[in-house]
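Residue numbers (the working numbering), protein chains in the order written: chain A, 7 to 240; chain B, 767 to 1440; chain C, -10 to 238.
To be clear, the hints were calculated from the coordinates, so they are not data collected in a lab. Among these hints, one or two may not hold up.
Derived pair list, reagent style SDA-like, types lysine to any residue, alpha-carbon separation capped at 20 Å [claimed, not checked]: (1) C:Lys137 x B:Leu915; (2) A:Lys14 x C:Thr14; (3) C:Lys232 x A:Val202; (4) C:Lys81 x B:Asp1189; (5) B:Lys1341 x B:Ala1330; (6) C:Lys160 x A:Gln184; (7) A:Lys14 x C:Lys232; (8) B:Lys780 x B:Lys1341; (9) A:Lys156 x A:Arg53; (10) C:Lys69 x B:Ala1174; (11) B:Lys1358 x C:Lys69; (12) C:Lys160 x A:Met118; (13) A:Lys14 x C:Gly15; (14) C:Lys160 x A:Tyr101; (15) C:Lys137 x C:Met186; (16) C:Lys(-5) x A:Arg100; (17) C:Lys160 x A:Arg115; (18) C:Lys137 x B:Asp911; (19) C:Lys69 x B:Arg1173; (20) B:Lys933 x C:Gln32; (21) B:Lys1026 x B:Asp1287; (22) C:Lys69 x A:Glu104; (23) C:Lys160 x A:Glu104; (24) C:Lys81 x A:Met103; (25) B:Lys954 x C:Arg111; (26) B:Lys933 x C:Lys198; (27) C:Lys137 x B:Tyr912; (28) A:Lys208 x C:Lys137; (29) B:Lys1341 x C:Pro12; (30) C:Lys81 x A:Glu104; (31) C:Lys69 x A:Ser107; (32) B:Lys954 x B:Arg806; (33) B:Lys1298 x C:Gly37; (34) A:Lys19 x C:Gly37; (35) C:Lys69 x B:Lys954.
No experiment lies behind these values; they were computed from the predicted model shown.
Residue-level listing of the chains:
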Amino acid sequence: MAQTGILKSSLAKKYAMAATGLFLCLFLAGHLAGNLQLFTAAADGGRQFNEYAKFMTTFPAVKVLSYLTYFSVLFHLVDGIVLSLQNRKARPVRYAMERASTNAGWSSRNMMLLGTIVLVFLVTHMQNFWWQMHFGSVPMQQLEDGTQIKDLYSVVAAFFHPDNGFALPAIGLYLLGQFALGFHLWHGFSSGFQSVGLRHPKFSQIIGGLGKAFSVVVPVLFSAIVVFMYITQA
Amino acid sequence: MTEMPKHSVALDAKIPEGPLADKWTHHKNSIRLVNPANKRLIDVIVVGTGLAGSSAAASLAEMGYNVKAFCFQDSPRRAHSIAAQGGINAAKNYQNDGDSVYRLFYDTIKGGDYRSREANVYRLAEVSANIIDQCVSQGVPFARDYGGLLDNRSFGGVQVSRTFYAKGQTGQQLLLGAYSALSRQISKGKVTMYNRHELMDVVTVDGKARGIIARNLVTGEVERHGAHAVVLCSGGYGNVFYLSTNAMGSNVSAAWKAHKKGAFMANPSYTQIHPTCIPVSGHYQSKLTLMSESLRNDGRIWVPKEQADVDALRNGSMRPTDIPEDRRDYYLERRYPAFGNLVPRDVASRAAKERCDAGFGVNEAGEAVFLDYASAIERYGKTEANVQGIQAPSAEKIRELGEAVVRAKYGNLFQMYEQITADNPYKTPMRIYPAVHYTMGGLWVDYNLQTTIPGLYACGEANFSDHGANRLGASALMQGLADGYFVLPYTIGDYLADDIRTGAISTDAPEFAAAEQAVRDRIAGLLGNNGKTPVDDFHRRLGRIMWNECGMSRNEKGLTQAIADIQDLRAEFEKEVCVPGRPDRFNPELDKAGRVSDLMELGELMCKDALERKESCGGHFREEYQTPEGEALRDDKGHAHVSAWAHTGVPAEATHHKEELTFENVELKTRSYK
Amino acid sequence: MDFTLKIWRQEGPQEEGRMETYPVTGITHDMSFLEMMDVLNDQLIRDGQDPVAFDHDCREGICGMCSMFINGEAHGPNRKTTTCQLHMRSFKDGETIYIEPWRAAAFPVVKDLAVDRSAFDRIIQSGGYVSVNSSGNPLDANAIPVPKDDADEAFNAATCIGCGACVATCKNASAMLFVSAKVSQFALLPQGQPERMSRVQRMVDQMDKEGFGNCTNTGACEVECPKGISLDNIARMNRDYLKSQVTGE
C-alpha cells in the first residue's frame, strides 16, 4: 500500500475533484429539473413549485443529498485551491513567452477563474434564495386543506420582477454565473471522467459529446428561466 | 615518424581449447567464480550506459558487485544506442527458415570479410537467443504477428529472417529495457549512478586498472573513483569524421585515455560508412541522419548518365523526374547484376563515391545520388490495383495505390526525410550519400573482453572484437547486449577472484593524485589558452582530413599526408584553440575541447593503421589493392591479423602488435556480389 | 536569413536569470534550429562572450536530450518534432524568436537552457521496470504470447523519449504523461502484471515527491509531445492507481 494514501497523493486529489464535480453535475440536473417548473408556475400561483421546494427541504433522503451537495461544493472548492497552489509552486518562474492557446482549450486553462466566478454567483444566489428559504422570512401560502407552506415562488417572482431595482443587475450576475458555469463544465465534465480513468477510444467521444451538450443546455435553460421570469412579469 | 614498428609481439587472445561449439560452455564451466558474500566486497566501475554499459552495470549489480556507473549525458537513457533503427539479430529460427547458431556465426564472419576472431563471433551467435528471451521478459515491446508471437524481418542481404525489431526504434526499446534494469539496481543501491560525468583518465596501480578520474560536468569538480575493475562501454568514435550518424557527444576519450595508459587499440581504421544517409547541405551542418538500410529493398539508386543533365540538375533548370530512363545510370544494377541495389554497405558506399568522384553527384556539392521509389510505387500500385480488382487503372490511380503501400512500409522514414529536406520523396527521388556510421575498431580485448591492462575491460562498440572489417546490419545491438548481459558478467569473475581479500581501493595512492593533477593541468591549460579559434573549427577540419584521406577509399600518399596534416592541426589546436567559460560551471565547450583533442590523436593513429594494412577488406579500401574491376583485394597471407597498437607518445609512432587470426571452421573466400 | 533571438541566460542553478537579446545572421533555411544555435555560439566565442549552454545529443529526434521552449511552445511550432528536427524554414526571415529552458520546479536550470531532468530517472527507479534478473534463464521469448494490439499499444507508450516537453508545456508542470507512458507500457503486457499495482503506486508517489504539478487534463502535453504519446495512458494510470488504492494491494 502506498505511503501517501488515498487523501494525500496528487491522483487522490484528482479523484476527489472529479467525484465532487460529477456529483455536482447531477445536482445541477436535479436543480434544473425543479426550476423548469417556473416556466409554468404562474398558472397555479406557484403551488406545485412551493410543494416541490418543501419536499426538497424536508424529505430525509433529499436532506442527505443536500448535505452531500454542500460538502461537495466545499470540497471541490478547497481541493481546487490546494491543487492550484501546488500547481503554481510547480512552476516558480513563468515563461516570458507562452502560446498556450496552441495546445489547450481556453476553458481548460481557466478553470480556477471560471470556478471563482461561479463561486461568487453561488454565494449571492444562496443568499437570495437558499438563505431566505431556510432562515429568512418567507410569506406563507395557504393550501385548500388549510395547511400553510413557504411561498418560495413569490420570493423568486418578486426578485426577478421589473419593479425590483436590483433585478437587472441580479440577472446580469446570474447570466455571467451561468456563462462561467457553462465554460467550467465544457472542460470539467469530460475531465472528470478522464480523472477517474473512464476513457476508452469507444466511449470518450460519447462522453465528450455528452459533456459539451450538458455544458450548453444546462446554463442556457437556467438563464432562460430567469429571463422568462423577468419578461413575463414586465 | 618511424616507418616500421619498434617491435612486434604476438598477442594472446586466451581462446579456450576445444571444438568451436563447446568453447564458451567449457570456458564458463572452468573459469573462477567469486562467491556471493565476496562479491559484496568488490567494486566495479562501468563507463557509459548504452546497451553494453547499462546491461553490464545492471547484471553485475544483480550478481552482487557494487557498481558505479558513469555517463556524460543527463540520463543513462540518452546513450546513442537509442538511435539504432533496424533491429537485432538472433539465431532463434522462429521462422523455420534453416537459421542456426552456426549460420549466424558464418554470416558474421563472412560479412566481416574474415577479419574477426572465430571464437568470439561464435559465442556472440550462441548467446544471441538469450538476449531476446531476456528482453522480452523485461517487457521490451518487440513487433508481433497476429498470433501474438514475435515477428522477424530480413536484413542486410542474409538469407534468413532473424532480425527482431520494434518498428524503426529497436535500439530505443532495447536501451530502455536495459535502462530499466539499471534503474532497478540504482533503486536498490547496488548501482551508484553518476550522470553528467565524464571519464578524464583511467588510473592504474601496480599495472592494474584501479579506478578513474571523472569530472562532474555540472560543477566541474574533478573526482577520484576507485574500484577493483573498470569496464569501458563508451561506444564508437565515428565523430572523428566530424560529420557522422553518431550523437554529438559520442567520443573516444574514455577508450583513448585507456590507450594512453597502456591498452592496445585494435584495427582503429575499420570504419563502417553507411550508404543511405541524408547528404550534407551546408558548412554549419552538424550531423548526418541515417535512412534505414531497409529502403534499399525497394528503392533504385541512380545518377544521370550525361554530364549535361547533372549540370541542369545542379543549376535547377531540370528536375530529376524530367530525366528519361535511357539517360539514367542505375550503377549498382549495372555493376552488380546479381545483388543489384542490395549489395553490402561497404560496396554500395564505394560505388556511390565512385560516381560522385567522376562528377555525377546530383546536388550542388556534387555529393549525392538518387534513391528512387517511382518504379516501386508503380509496381506496388499495379499489384494493388489487381488485388482490388480495378480494371485498366489510370496512371494516377496506380500512383495513388502504390504510394499508399510505400507509406505503410516506410512512412516514418519518408516523413523524416521530408522533415529534414523539405522534399517530398513520394514525388521526387530522395538524395542520399554515404556517411560514417559505426567503427568496428576499438580497444583490443581477449576472449574475456579484458584489454591489455589487467582489470580494464571493454564491451560493445568500444572494443574491436566481433565485427571484423565490416559489421552486418542489426548486429551492433546484438553485440552490445551480449557483452553486457551474458559475457562480461561471467568473465570478469575470473579476474576479480584474486581481489576478494584486497579490500576497498584507496584513492589516496600517488597514482590517483598524479592522474588528478594531470587532468587539472590540462583543464587549466585549455581554459587559459589565449587562442581565438572555437573548438568546432578544429573538429571540422579534422573531419575533412579524415573523410578525404581515411574515408571510403584510402591510399598511401593521402594517408601519409593526412598524418602530417593532423599533426599540424594538433599543434595549431594547442596554440590557437579558444575555450571560453569557467572550470567550475557547466561548460560544454570545455568538454568538447577535451574530446576533440583526443579525436585528433586517434585520427592520426587511424591513418597509421590504414597505412599499415596493405590490403582492402570490408570497410577498409586501399586504392592500391583492388582488382581490375575495382573490387576489394584482400591479402589473407599477409594481413589475416588484428593490428593492435601500443601508445608511445605520438600516435603515428605507436608500436604495432599483431594477433594472428586462425580460421579453423570457415574457409576464407572472396566476397563477390556480381 | 537573419533573426533576433531572445534567450534566457542563467549562470547556474543558484543565480538569477534574465532574457538577453542576440542578433544572428547568415542563417540558411535548411539549417536545423540547433545548427542556428551553433552559429550563434560560434559568433559569441569569437567575440569573447560566453556561449549559450543547451542540451543536445543525437540530433535525430530520439535521445530526448534537446529541450528548448521556442516562441512559447515546447520544441517550437511544429508538431511531433523535437528541437533538433526543427528547421529554420519553419521561421520567417527577420523574426524575433524567444528561447527559454523548460520551466518547472522539478527541472532546475543547470545553466542557460540546460535543465536537470534527473527527477524522471528517479521516477523510473521507483518502479519503471519488470523485476527480472539478467543472469537467470528466463522463459523462451515465444512462451509469452502477447496479442498484437496490446503489443502495439505498449510500444506506442514505450516510444516516450523522456524529453520533458509534457512537463514544460503543461500549465501545471505536471509529469503525468511521462509517468503514465511507462506505467501503461507495463500495464498492457503480461510481463508487467505481477507488479502492476505496486508499480503505479510507487511511481505516482515518486512523481509527487519530485514536486511536479497536478494534472488538470488540459491535454496540452499530448499535443506538444514529439512522439504523440496519448492521453489514454493518463486515463489508464488514473484507473490503475484508483484500483490499487481500492483493492489495497
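Evaluated hints:
1. For the given pair, C:Lys137 sits about 8 Å from B:Leu915 by alpha-carbon distance, which is consistent with the 20 Å threshold.
2. A threshold of 20 Å between alpha carbons decides the hint, and for A:Lys14 with C:Thr14 the separation of about 52 Å lies outside it, so the pair is violated.
3. Simply put, C:Lys232 and A:Val202 have alpha-carbon atoms about 10 Å apart, close enough for the 20 Å limit, and the pair holds.
4. Restraint check: the Cα-Cα separation between C:Lys81 and B:Asp1189 comes to about 19 Å, which is no more than 20 Å; the hinted pair holds.
5. Of the pairs offered as hints, the one joining B:Lys1341 and B:Ala1330 holds, with about 17 Å between alpha carbons and a cut-off of 20 Å not exceeded.
6. Distance hint between C:Lys160 and A:Gln184 is unfulfilled; the C-alpha atoms sit about 25 Å from each other, more than 20 Å.
7. At roughly 16 Å between alpha-carbon atoms, A:Lys14 and C:Lys232 fall within 20 Å of each other, so this suggested pair holds.
8. Among the hinted pairs, B:Lys780 with B:Lys1341 is inconsistent with the structure: their alpha-carbon atoms are about 44 Å apart, more than 20 Å.
9. Between A:Lys156 and A:Arg53 the CA atoms are separated by roughly 10 Å; this keeps the pair inside 20 Å, and the hint holds.
10. A C-alpha spacing of about 18 Å is found between C:Lys69 and B:Ala1174, which places the hinted pair at or below 20 Å, so the restraint holds.
11. With a C-alpha separation of about 30 Å, the suggested pair B:Lys1358 and C:Lys69 falls outside the 20 Å cut-off, and the hint is violated.
12. Of the pairs offered as hints, the one joining C:Lys160 and A:Met118 holds, with about 12 Å between alpha carbons and a cut-off of 20 Å not exceeded.
13. Restraint check for A:Lys14 and C:Gly15: the C-alpha separation of about 54 Å exceeds 20 Å, so the hint is violated.
14. Distance check on the hinted pair: C:Lys160 and A:Tyr101 sit about 10 Å apart at the alpha-carbon level, within 20 Å; holds.
15. Simply put, C:Lys137 and C:Met186 have alpha-carbon atoms about 23 Å apart, too far for the 20 Å limit, and the pair is violated.
16. Only pairs whose Cα atoms come within 20 Å are accepted, and C:Lys(-5) paired with A:Arg100 is accepted, the gap being roughly 15 Å.
17. Simply put, C:Lys160 and A:Arg115 have alpha-carbon atoms about 7 Å apart, close enough for the 20 Å limit, and the pair holds.
18. At most 20 Å may separate the alpha-carbon atoms for a hinted pair to count; C:Lys137 and B:Asp911 meet this at roughly 6 Å.
19. Among the hinted pairs, C:Lys69 with B:Arg1173 is consistent with the structure: their alpha-carbon atoms are about 18 Å apart, no more than 20 Å.
20. Restraint check for B:Lys933 and C:Gln32: the C-alpha separation of about 41 Å exceeds 20 Å, so the hint is violated.
21. About 17 Å separates the Cα atoms of B:Lys1026 and B:Asp1287, which keeps this hinted pair within 20 Å; it holds.
22. About 18 Å separates the Cα atoms of C:Lys69 and A:Glu104, which keeps this hinted pair within 20 Å; it holds.
23. At roughly 10 Å between alpha-carbon atoms, C:Lys160 and A:Glu104 fall within 20 Å of each other, so this suggested pair holds.
24. As the CA atoms of C:Lys81 and A:Met103 are separated by approximately 18 Å, the hinted pair is consistent with the 20 Å bound.
25. Taking the CA atoms of B:Lys954 and C:Arg111, the gap is near 12 Å; set against the 20 Å cutoff, the hint holds.
26. In summary, the hint linking B:Lys933 to C:Lys198 is not supported, as the alpha carbons are separated by about 35 Å, beyond the 20 Å threshold.
27. Under the criterion of a C-alpha separation no larger than 20 Å, the hint pairing C:Lys137 with B:Tyr912 is consistent with the structure, at around 5 Å.
28. With a C-alpha separation of about 19 Å, the suggested pair A:Lys208 and C:Lys137 falls inside the 20 Å cut-off, and the hint holds.
29. This hinted pair does not check out: B:Lys1341 and C:Pro12 have alpha carbons roughly 30 Å apart, beyond 20 Å.
30. Between C:Lys81 and A:Glu104 the alpha-carbon distance is near 19 Å, which keeps this suggested pair within the 20 Å criterion.
31. The suggested pairing of C:Lys69 with A:Ser107 holds, with an alpha-carbon distance near 17 Å, which does not exceed 20 Å.
32. Straight-line distance between C-alpha atoms of B:Lys954 and B:Arg806 comes to about 13 Å, which keeps the hinted pair within the 20 Å bound.
33. For the suggested pair B:Lys1298 and C:Gly37, the alpha carbons sit about 8 Å apart, so the restraint of at most 20 Å is met.
34. Proximity of A:Lys19 to C:Gly37 is assessed by CA-CA distance (about 52 Å); at most 20 Å being required, the pair is judged violated.
35. Simply put, C:Lys69 and B:Lys954 have alpha-carbon atoms about 36 Å apart, too far for the 20 Å limit, and the pair is violated.
Going through the hint list in order, the structure does not satisfy hints 2, 6, 8, 11, 13, 15, 20, 26, 29, 34 and 35.
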